[in-house]
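Numbering (UniProt numbering), first residue to last: 1 to 83.
Hints may be right or wrong, so weigh each one.
[As the list claims (entries may be wrong)] Distance condition first, Cα-Cα at most 35 Å in a straight line; then the derived DSBU-like pairs of lysine-lysine:
1) Lys9 <-> Lys46
2) Lys44 <-> Lys19
3) Lys46 <-> Lys58
4) Lys44 <-> Lys9
5) Lys19 <-> Lys58
No lab work stands behind these hints, which were simulated from the structure alone. The structure displayed is predicted, hence computed values, not measured ones.
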Amino acid sequence: MDSENMVVKVDAFWDHEAKVWVATSEDVPGLVTEASTEDVLVEKLKVMIPDLIELNLKDILVRSTSIDLDLISRRTERISVAC
């Protein structure tokens, strides 16, 4: 049986009020987390994604030798301009 890399798409956005990055994924049931920086977020995702896949999608993990994380982040800021 050939093994394959699993690609997990994670969407993240900056919550300006809470001052955290919030991440979710349609590829991994139950994945919702937050972190103060994108780097911290990635480190959390590296732990959470395999754990959640093992719990919820075990048959997929058996076929995969690795997981590629595709983190798509967005942040909106308001910029004041002088008139």
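Results of checking the hints against the structure:
| no. | hint | result |
| --- | --- | --- |
| 1 | Lys9 <-> Lys46 | holds (13 Å) |
| 2 | Lys44 <-> Lys19 | holds (17 Å) |
| 3 | Lys46 <-> Lys58 | holds (17 Å) |
| 4 | Lys44 <-> Lys9 | holds (15 Å) |
| 5 | Lys19 <-> Lys58 | holds (34 Å) |
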